[in-house]
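**Student:** As a plain string of letters, each chain reads:
Number of protein chains: 2
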Amino acid sequence: MIMERWRATYRLLKYSTFRSFSNYNNSRTFSSERIGSTSCRIQGRSFSSVATTVQRNPLFSSINSDDISYFKDILGDRGVVQDELALVAANTDWMHKYKGSSKLLLQPRSTEEVSQILKYCNSRSLAVVPQGGNTGLVGGSVPVFDEVIINLGSMNKILSFDKVSGILVCEAGCILENLITFLDIQGFIMPLDLGAKGSCQIGGNVSTNAGGLRLLRYGSLHGSVLGLEAVLANGTVLDMLGTLRKDNTGYDLKHLFIGSEGSLGIVTKVSILTPPKLSSVNTAFLACNDYASCQNLLLEAKKKLGEILSAFEFLDSDAMGLVLKHLDGVRNPLPPSVHNFYILIETTGSNESFDRENLEAFLLHSVESGLVTDGVLAQDINQASSFWHIREGLPEALMKAGAVYKYDLSLPLEKMYDLVEEMRAQLDPKAKVVAYGHLGDGNLHLNISAPEYDDKILAKIEPFVYEWTSKNRGSISAEHGLGLMKANKIHYSKSPETVQLMFSIKKLLDPNGILNPYKVLPSTLFS
Amino acid sequence: MIMERWRATYRLLKYSTFRSFSNYNNSRTFSSERIGSTSCRIQGRSFSSVATTVQRNPLFSSINSDDISYFKDILGDRGVVQDELALVAANTDWMHKYKGSSKLLLQPRSTEEVSQILKYCNSRSLAVVPQGGNTGLVGGSVPVFDEVIINLGSMNKILSFDKVSGILVCEAGCILENLITFLDIQGFIMPLDLGAKGSCQIGGNVSTNAGGLRLLRYGSLHGSVLGLEAVLANGTVLDMLGTLRKDNTGYDLKHLFIGSEGSLGIVTKVSILTPPKLSSVNTAFLACNDYASCQNLLLEAKKKLGEILSAFEFLDSDAMGLVLKHLDGVRNPLPPSVHNFYILIETTGSNESFDRENLEAFLLHSVESGLVTDGVLAQDINQASSFWHIREGLPEALMKAGAVYKYDLSLPLEKMYDLVEEMRAQLDPKAKVVAYGHLGDGNLHLNISAPEYDDKILAKIEPFVYEWTSKNRGSISAEHGLGLMKANKIHYSKSPETVQLMFSIKKLLDPNGILNPYKVLPSTLFS
Numbered sequence: 320m321i322m323e324r325w326r327a328t329y330r331l332l333k334y335s336t337f338r339s340f341s342n343y344n345n346s347r348t349f350s351s352e353r354i355g356s357t358s359c360r361i362q363g364r365s366f367s368s369v370a371t372t373v374q375r376n377p378l379f380s381s382i383n384s385d386d387i388s389y390f391k392d393i394l395g396d397r398g399v400v401q402d403e404l405a406l407v408a409a410n411t412d413w414m415h416k417y418k419g420s421s422k423l424l425l426q427p428r429s430t431e432e433v434s435q436i437l438k439y440c441n442s443r444s445l446a447v448v449p450q451g452g453n454t455g456l457v458g459g460s461v462p463v464f465d466e467v468i469i470n471l472g473s474m475n476k477i478l479s480f481d482k483v484s485g486i487l488v489c490e491a492g493c494i495l496e497n498l499i500t501f502l503d504i505q506g507f508i509m510p511l512d513l514g515a516k517g518s519c520q521i522g523g524n525v526s527t528n529a530g531g532l533r534l535l536r537y538g539s540l541h542g543s544v545l546g547l548e549a550v551l552a553n554g555t556v557l558d559m560l561g562t563l564r565k566d567n568t569g570y571d572l573k574h575l576f577i578g579s580e581g582s583l584g585i586v587t588k589v590s591i592l593t594p595p596k597l598s599s600v601n602t603a604f605l606a607c608n609d610y611a612s613c614q615n616l617l618l619e620a621k622k623k624l625g626e627i628l629s630a631f632e633f634l635d636s637d638a639m640g641l642v643l644k645h646l647d648g649v650r651n652p653l654p655p656s657v658h659n660f661y662i663l664i665e666t667t668g669s670n671e672s673f674d675r676e677n678l679e680a681f682l683l684h685s686v687e688s689g690l691v692t693d694g695v696l697a698q699d700i701n702q703a704s705s706f707w708h709i710r711e712g713l714p715e716a717l718m719k720a721g722a723v724y725k726y727d728l729s730l731p732l733e734k735m736y737d738l739v740e741e742m743r744a745q746l747d748p749k750a751k752v753v754a755y756g757h758l759g760d761g762n763l764h765l766n767i768s769a770p771e772y773d774d775k776i777l778a779k780i781e782p783f784v785y786e787w788t789s790k791n792r793g794s795i796s797a798e799h800g801l802g803l804m805k806a807n808k809i810h811y812s813k814s815p816e817t818v819q820l821m822f823s824i825k826k827l828l829d830p831n832g833i834l835n836p837y838k839v840l841p842s843t844l845f846s
Numbered sequence: 320m321i322m323e324r325w326r327a328t329y330r331l332l333k334y335s336t337f338r339s340f341s342n343y344n345n346s347r348t349f350s351s352e353r354i355g356s357t358s359c360r361i362q363g364r365s366f367s368s369v370a371t372t373v374q375r376n377p378l379f380s381s382i383n384s385d386d387i388s389y390f391k392d393i394l395g396d397r398g399v400v401q402d403e404l405a406l407v408a409a410n411t412d413w414m415h416k417y418k419g420s421s422k423l424l425l426q427p428r429s430t431e432e433v434s435q436i437l438k439y440c441n442s443r444s445l446a447v448v449p450q451g452g453n454t455g456l457v458g459g460s461v462p463v464f465d466e467v468i469i470n471l472g473s474m475n476k477i478l479s480f481d482k483v484s485g486i487l488v489c490e491a492g493c494i495l496e497n498l499i500t501f502l503d504i505q506g507f508i509m510p511l512d513l514g515a516k517g518s519c520q521i522g523g524n525v526s527t528n529a530g531g532l533r534l535l536r537y538g539s540l541h542g543s544v545l546g547l548e549a550v551l552a553n554g555t556v557l558d559m560l561g562t563l564r565k566d567n568t569g570y571d572l573k574h575l576f577i578g579s580e581g582s583l584g585i586v587t588k589v590s591i592l593t594p595p596k597l598s599s600v601n602t603a604f605l606a607c608n609d610y611a612s613c614q615n616l617l618l619e620a621k622k623k624l625g626e627i628l629s630a631f632e633f634l635d636s637d638a639m640g641l642v643l644k645h646l647d648g649v650r651n652p653l654p655p656s657v658h659n660f661y662i663l664i665e666t667t668g669s670n671e672s673f674d675r676e677n678l679e680a681f682l683l684h685s686v687e688s689g690l691v692t693d694g695v696l697a698q699d700i701n702q703a704s705s706f707w708h709i710r711e712g713l714p715e716a717l718m719k720a721g722a723v724y725k726y727d728l729s730l731p732l733e734k735m736y737d738l739v740e741e742m743r744a745q746l747d748p749k750a751k752v753v754a755y756g757h758l759g760d761g762n763l764h765l766n767i768s769a770p771e772y773d774d775k776i777l778a779k780i781e782p783f784v785y786e787w788t789s790k791n792r793g794s795i796s797a798e799h800g801l802g803l804m805k806a807n808k809i810h811y812s813k814s815p816e817t818v819q820l821m822f823s824i825k826k827l828l829d830p831n832g833i834l835n836p837y838k839v840l841p842s843t844l845f846s
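If you read the sequences in order, they're chains W and E. Be aware that the first sequence starts at 320, since it is given in the working numbering, and climbs by one per residue. Be aware that the second sequence starts at 320, since it is given in the working numbering, and climbs by one per residue.
Take every hint as true, because none was put in to throw you off.
Since the list gives no way to pick out one identical chain from another, each pair is judged satisfied if it fits inside one copy or across any two copies.
Cut-off 30 Å, straight-line C-alpha distance, at most; resulting in silico cross-link-like pairs (DSSO-like, lysine-lysine):
(1) Lys775 / Lys734
(2) Lys622 / Lys476
(3) Lys808 / Lys749
(4) Lys438 / Lys826
(5) Lys622 / Lys596
None of these hints come from the bench; they were simulated from the model. All values reported here derive from a predicted model rather than from experimental measurement.
Between the sequences and the hints, there should be enough to build the whole structure, so can you do that?
**Tutor:** Okay, here's the thing in structure tokens:
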């Protein structure tokens with residue numbers, strides 16, 4: 320009976336944003352995960368209030384005319400931007416939450432130029448902010464005060480691609496979508512994909528250890544980045560640009576630069592292992608009665624779908640209710656009955672008929688065993704797109720519903736939903752707790768939706784959420800980094816000894832602290 | 320015609336060492352890769368000649384009776400080993416190439432004990448060697464002089480396993496095979512597998528970033544290790560034992576301890592992501608006319624077999640000739656004609672019939688397109704085992720053939736075989752150049768087989784091989800690390816700036832240099 324529904328055709332849904340097939344352009348686009356994870360509205364911070372939480376380091380110099388002349392000598396007039404309008408954009412993050420007051424944007428075209436800039440800035444104690452596509456969510460890519468902005472966008476060449484090994488080498492300023500397009504022609508894909516792909520740069524992706532939509536299948540950048548070139552604060556160029564899958568000659572230092580948000584060095588080139596593009600994609604939308612079933616379904620999916628499983632997303636009934644209420648044209652693909660949890664499963668493989676049969680057999684088994692209470696299997700791209708739209712439309716629905724307090728957490732799977740329930744239990748019913756996320760990655764997007772922002776609600780959420788996450792050895796920032804926003808919250812996820820060693824390494828690599836100051840590490844360490 | 324052969328049954332071959340199905344025991348077993356990569360006979364070094372290349376650091380203290388008393392207070396009599404026979408084994412590597420003269424072996428049972436030991440040794444300037452299963456090939460796991468041996472074997476508890484996420488947490492002294500057995504019952508596998516699994520310990524695997532047989536499919540430990548606990552030289556315990564797939568809160572310091580061969584800290588606990596066990600394994604043995612076809616076949620295999628490809632090994636005709644000549648009972652599964660290259664392909668997936676059809680279709684296509692000139696598909700475990708035996712029997716055949724100069728290199732795929740041909744061109748024909756390896760990983764095992772060791776031959780090989788590897792941005796140690804053997808050769812694969820930064824980090828984490836001295840980094844840095 321259920322299996323008939325798997326084969327049913329759902330033509331009533333009309334969205335066409337299925338992420339694997341949509342037409343992206345080079346304008347700034349942002350994924351639901353990115354929008355969904357910002358807490359820009361939570362704390363109601365204005366530009367000024369953010370700035371006042373941090374004091375400008377008085378040891379840093381200010382730009383003078385000699386500096387400008389020097390940079391023009393190195394970069395030419397074109398590489399030295401003082402235009403106010405351009406600076407406003409570069410000083411401001413895309414959420415308009417953080418705003419710096421830099422008077423200078425530099426656009427190097429080569430590693431050598433980056434090296435010359437940093438060597439000079441270091442000698443002059445001029446603080447700098449490395450900037451890629453400026454699509455971050457934690458205030459990591461814009462100045463806090465008057466730091467010099469070094470934008471890598473002019474270093475955007477693909478240097479080599481080996482079709483046998485799938486290894487791509489490129490400059491840091493390459494826009495992710497351009498790399499995806501290039502690889503598509505070669506029959507390969509990038510091991511990471513983000514909604515922000517039209518703007519974000521690979522150097523920024525690597526520097527922030529971007530997670531994105533393919534992590535479940537292809538793992539983190541610590542696994543797929545094979546090599547890096549990075550420039551240290553004193554201008555030293557570190558050539559770690561290996562293109563080898565195996566290399567055990569000494570400490571693998573590239574990992575220091577993956578996820579350190581530009582605070583240890585500026586990534587200038589990247590070597591990355593790209594997987595072959597596979598032709599078969601299947602998508603199913605399922606319902607489960609309880610969270611335990613969701614967990615068990617994931618376990619079964621990993622066993623039965625194993626090598627073809629590429630996404631395992633979940634949302635709860637409050638999340639579904641919100642989407643249905645606030646997003647035009649969205650319908651629940653399942654008959655109008657109340658389910659407690661919904662799961663979106665995607666498989667990606669090389670054989671259409673095999674994969675399809677495999678998924679159908681898995682779904683049938685899941686229904687028979689009672690893990691799944693209802694479900695549909697997309698018959699075409701439009702249907703798949705409509706399923707994804709429910710999941711990806713959640714942040715928009717939340718924004719339309721009123722005020723929203725947003726948290727992006729990694730938690731042990733078995734405890735993840737306990738937090739949601741505990742949160743519900745201690746909040747007034749007018750504050751609705753809505754949960755969704757990448758169950759396959761252990762990544763929960765916890766949202767509290769309320770009619771309006773209210774400090775009393777916030778006081779019941781924070782520090783409770785951070786403390787709960789810490790107690791359960793979770794991460795207070797699953798994929799967005801710490802930046803300025805969470806630099807002082809690092810202790811919720813990292814031990815004092817570990818943070819102390821991070822600081823020692825920061826001091827070792829950047830003794831004057833010029834690289835992306837005020838970010839990542841707590842300000843108390845520097846005082 | 321060819322396809323008929325795919326289905327042919329090869330019952331004439333009688334080996335039963337197929338690695339996925341053989342019965343391992345806890346005695347020391349070593350893979351062909353490990354044996355195949357040692358150059359212990361190349362340089363003809365004796366124990367004494369190895370030791371004389373390094374001077375004992377005069378700043379290190381020597382053990383006295385007070386030290387022994389202190390350690391007995393911490394560890395009890397049982398944890399303090401001074402027995403001569405036990406010390407001989409712990410002082411000697413398994414190849415009997417390196418031998419130290421330590422008078423003391425400590426066996427801590429907890430992280431706290433490791434911490435107390437190191438804190439004390441650091442304050443007393445007593446050098447230490449962390450030791451796991453002592454299965455390394457580069458002299459990294461035994462003392463050079465009288466360093467205190469800290470063996471982790473007593474810390475062998477599995478701490479937790481989450482069947483939904485597949486995340487295993489265990490102590491560093493767990494023997495790899497025990498973890499594999501434990502996971503097998505749970506329906507999971509370790510993401511790494513080594514011939515040395517019966518002895519090697521997970522802490523040692525992580526500390527040496529062991530590659531092994533599953534790297535093509537599951538990537539390196541930098542991707543699959545989710546967290547670590549490590550003890551620094553001064554006794555500080557770094558709790559980085561996260562169990563999360565996503566955690567972007569500060570610098571990911573665990574990577575410093577993956578592959579640094581115990582020279583930055585002692586790994587005491589490991590958290591690792593384990594893949595589900597898949598039921599379907601297929602193996603084919605193919606012939607190609609030229610190296611370009613091997614490369615193209617790999618490209619096609621990655622595209623067509625994509626998610627199920629789990630091994631892609633190659634050997635050249637000289638390698639095949641050697642195996643057939645020197646190993647009893649081995650036959651070429653292909654008819655007796657001369658092929659230039661042989662390829663072993665393995666797939667691992669979740670659906671027997673789908674995977675089989677997929678592989679058969681791929682093989683048919685490869686034959687039709689001319690990439691493959693002949694081939695067989697194993698019909699059962701014994702046949703698969705016989706194919707693997709050809710590949711894995713190579714080191715044994717080489718040993719039987721006479722003197723052998725061995726190199727374990729990572730090289731860009733497109734250039735890998737150029738080195739073999741250049742090597743052949745400049746050597747006298749009595750020195751036979753034999754090539755095989757993990758083509759899918761870009762890992763070449765280059766062997767020069769000669770009637771006897773001859774300095775004239777060696778002079779034509781070294782430093783040529785290292786220089787050629789360096790010029791082509793390869794690695795002089797694909798998976799075995801540098802240890803004592805290659806510490807002074809690091810510059811062939813790493814830039815001076817990178818090595819300098821490694822040294823700075825070593826000084827930062829271990830200012831007295833007590834952790835695994837004389838290893839990994841060049842002695843010139845310490846003088």
